[in-house]
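Chains as they are written, first to last, in full-length UniProt numbering: chain A, 1 to 233; chain B, 1 to 252.
Errors might be hidden in some of the hints.
[As the list claims (entries may be wrong)] Straight-line distance between alpha carbons at most 20 Å, and here's what the computed EDC-like set of lysine to aspartate or glutamate pairs gives:
id : chain 1 : residue 1 : chain 2 : residue 2
1  : B       : 248       : B       : 144
2  : B       : 3         : A       : 86
3  : A       : 109       : A       : 93
4  : A       : 201       : A       : 224
5  : B       : 82        : A       : 100
6  : B       : 3         : A       : 104
7  : B       : 72        : A       : 81
8  : A       : 217       : A       : 195
9  : A       : 111       : A       : 100
10 : B       : 3         : A       : 107
11 : B       : 163       : B       : 251
12 : B       : 226       : B       : 183
13 : A       : 18        : B       : 251
14 : B       : 3         : A       : 100
15 : B       : 82        : A       : 104
16 : A       : 201       : A       : 191
17 : B       : 6         : A       : 93
18 : A       : 130       : A       : 107
19 : A       : 111       : A       : 93
20 : A       : 130       : A       : 100
21 : A       : 227       : A       : 209
22 : A       : 17        : B       : 251
23 : A       : 31        : A       : 123
24 : B       : 3         : A       : 93
25 : B       : 72        : A       : 86
26 : B       : 3         : A       : 172
27 : B       : 6         : A       : 86
28 : B       : 6         : A       : 100
[As the list claims (entries may be wrong)] Where chain A lies over chain B, by a calculated footprint (3+ residues, C-beta under 8 Å):
id : stretch
29 : 74-85
30 : 242-252
[Unchecked claim] Now the in silico label distances, taken between C-beta atoms and shown as ranges:
id : chain 1 : residue 1 : chain 2 : residue 2 : range
31 : B       : 251       : A       : 123       : 30 to 38 Å
32 : A       : 176       : B       : 84        : 55 to 63 Å
33 : A       : 2         : B       : 187       : 56 to 64 Å
34 : B       : 249       : A       : 60        : 13 to 21 Å
35 : A       : 123       : B       : 18        : 29 to 37 Å
36 : B       : 29        : A       : 123       : 33 to 41 Å
37 : B       : 84        : A       : 123       : 49 to 57 Å
38 : B       : 144       : A       : 107       : 43 to 51 Å
39 : A       : 123       : B       : 189       : 29 to 37 Å
No lab work stands behind these hints: they were computed from the structure. C-beta: ideal position from N, C-alpha, C; glycine also.
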Amino acid sequence: MSHLLEVKDVYKSYWRKKALQGVSFSIDRGKIIGLLGSNGSGKTTLMKLLAGLARPNSGTISIAGASVGPATKQVVSYMPDAPLTESWMRVKDAFAFHRDFYPDFDDGKAKDMMQFMRLNAQDRVTSLSKGMQERLQLTLALSRNASLYLLDEPIGGVDPVARGNILDAIVEYYNPESSILLATHLLTDIERIFDEVIMLKQGSLLLHEEVEEVRMKRGKSIDELFKEVYAEC
Amino acid sequence: MLKLLKYNWRMNSLTSYIVIAASVIVYGLLLACKYQWGWSDEIVFMFGLLVAVVTGLLFLIIACVTFNHQLKSYHRRLLPIKTEVEIASMLLLAAIYSLIPLLLKLVFLYLADVTFNYSMFDSLLEQLLRVDVLAVLVGYMLLDSLAIFMLIMLAMSATYAFKGKYRAWIGVLLFIVLSIVWEYVSNWLFGVNRQGAPPFVGIEITEGEMSRIDWITIRWNGEWLKMLLVSLTKLALLFAATTYIMKKHVEP
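The shape of chain B in the complex, shown without the other chains (with noise of 0.2 Å):
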């Protein structure tokens, strides 16, 4: 599994870089224009999580291609190892593509040290920042992350499991008919309203009596267990019938 990470690092390794220096590059300015220019901390915030998603979505684009590449390459395809091998690496690559996005991000919002106008978000940002709050929605987000590139994976090997030249839909409606299907069947265990986005974590509002302020904590989820035993079991099905339909019916 970790020599298959290599060779995917390395096949994608100027690509990474070249993204990562842009990023790198981009929050420098930011950071410039703070600092320098006086621009307000709403701003910089907010492009700096602009920079922080599409660095995110670059890091999927490259994942969903080497995953692309392992697919309809005859010397990937030739190599001894098992199936699942091949999907846990590919999983772990995207785990650390995931990563890296966020950890530019974390460092940005260091360095940047944003302070709000509006002290509900001060509040908001200074609770999200505490380490088990941030280890929470790390993990939760890692989790999410990979859900959604397993869920690529699998409408990917769908339209490889075809020949013809309409299959690319199949693997697109796979994925469309897939979500929606979980979002009925995520509603119908949790209920529409379910408490807290991410899941683990809930977000409350109490308005203050005196001086009018809202305050925002941050609490557990008292079915945070729940929810991580319907994430992981959501990710072993996909697992389970994406490794189904690479052994079975993808033929590079």
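For reference, chain A alone in the conformation it holds in the complex (with noise of 0.2 Å):
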């Protein structure tokens, strides 16, 4: 059976900087893996590549058997830790934005989940707190009917009421046959979602398990392991 995310061997590096070192990996359907890292271990520029949004230097991706293009863009939904608004937008216009340009928005979804996150459509995007455009953010990412959901630092900077109705959100409007790549250091509140965990370390890939794997094979949880992985970066 393929899988719905291949990485196969990838080089990324901007100037002199090595972002990533031969990284390979695959995901399948149906999972919510976590893509976990220290500060500049290469996430972001990881899911910038899944999302399109960059280019590798050398390797291959392909998302749902094909390359990474307009055509994958249609499948995968990214937050990004840059806004997906404009600032002349109000929440109303974010919503008609991403449905007027991705067929498998869900306008139903999208009102469930406004109402959920007590976003108000009337409001201007400039006038929303941190914590509400983290929420219309995620909102927008999981609007979508997407194959691959690549969420990108989802909880960071929020508080931790926040964190966790944005968690349960993920959880409640998670579609099962679609797969879910949430980068993330912030592990206490986070962990509990996980299928699978891949872990960078300076551009390279440290590890890729299950969580419960991990659990049984090192006798630790992932916040534990983490922190021993990363203890001097």
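Assembly of the complex is requested from the two constituent chains, each provided in isolation within its own frame, with the hints serving as guidance.
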């Protein structure tokens, strides 16, 4: 059976800085995968490559059997660490924008999530607090019926209560036929939702295992393993 | 393409309406100057021309800012649309932005009803405002504006293809070098003293024998088809180069 996502021997450099070095892994459908690493480990670079915002120097990436391009952008929903909205927009305009350009945008899901996240359609995006903007970003990303969701630090910079709400939303509105790749270094709250973890360190793949295997083999939680692996970073 | 155009227009709508409103107010003041305070037609015409140029420049800046946004915004680069469609949408926006100041200027000219003391200019203006000549001039102006904007887009794309603090200079240099190269190519193809500017029509001045009044007539330039094809080829080459750079090298 073919994998949903296949990354083979990917290298990416920015001038002399090596961001990714020989990264290879594959992901099947219906998984929530944690992409873990300290700052500068290559998580965001990898996400950008998968989303089609950057191109690898070498190696191949295929999503649902296709190379990264306009075709994969139709089935990949990316929540970056930059805004998905424009300063002139209201919340309703942001939804309209995504509805217009993404055929898999689900209006019903979007309305449900908007209520769940307590977003007001008439609010200007520039008037939203950071936490509310994160909620809007997540709503826009999860309102699509994509095959692969890429969430880059969805709970960074948000208060603990809001973090809980956001994680609940991810689990509530996640399509079991799809996969989620969630980059984070805040593990305490989020570990519970992961099926697998991928650990990056200085651009190289350290580990790709199921969470239960890690717990049984190493006798540690993911949080404890993370602290051990990245202690000197 | 039209959806992208819609959002590009909406993104700039406030600024665009302010520019249009300001132009209309200034044109209105110029008309008041003519009809209420007796300003001469020549001065009213020149100021009207200045307003049109400034409005055109402002819209060019708005178009460039829009393309800059298209190049570096994550949510725009994530859209599942082909690069060719992105560029075509930008060109359509630039075409609309080129036509707005022209339309305002034409309405102003109609309302101002300028008459020059020097009959040569009267004759020229009357002939330039003929429907067939006007259509060709508008078409030429549009083609020229799009070529300039396409060159700017190429330079901007080249800027974003590089990293580092001096990358803007790469775009500036590219713009200058390509402009010079194109001028050489045009001179080689059509000669340094090529007839007519704009190239599709020529302006011929003949002296009258009896009254010593100069007359201006408009005539079709014999090489108009060659010139049109060359202009379209230039646009196509710039389009292809920009597409290539955006696809292969631009990363927000």
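Query raised in the report: Which hints, by number, does the structure contradict?
Result: When the structure is compared with the hints, numbers 1, 18, 20, 23, 26, 32, 35, 37 and 39 turn out to be violated.
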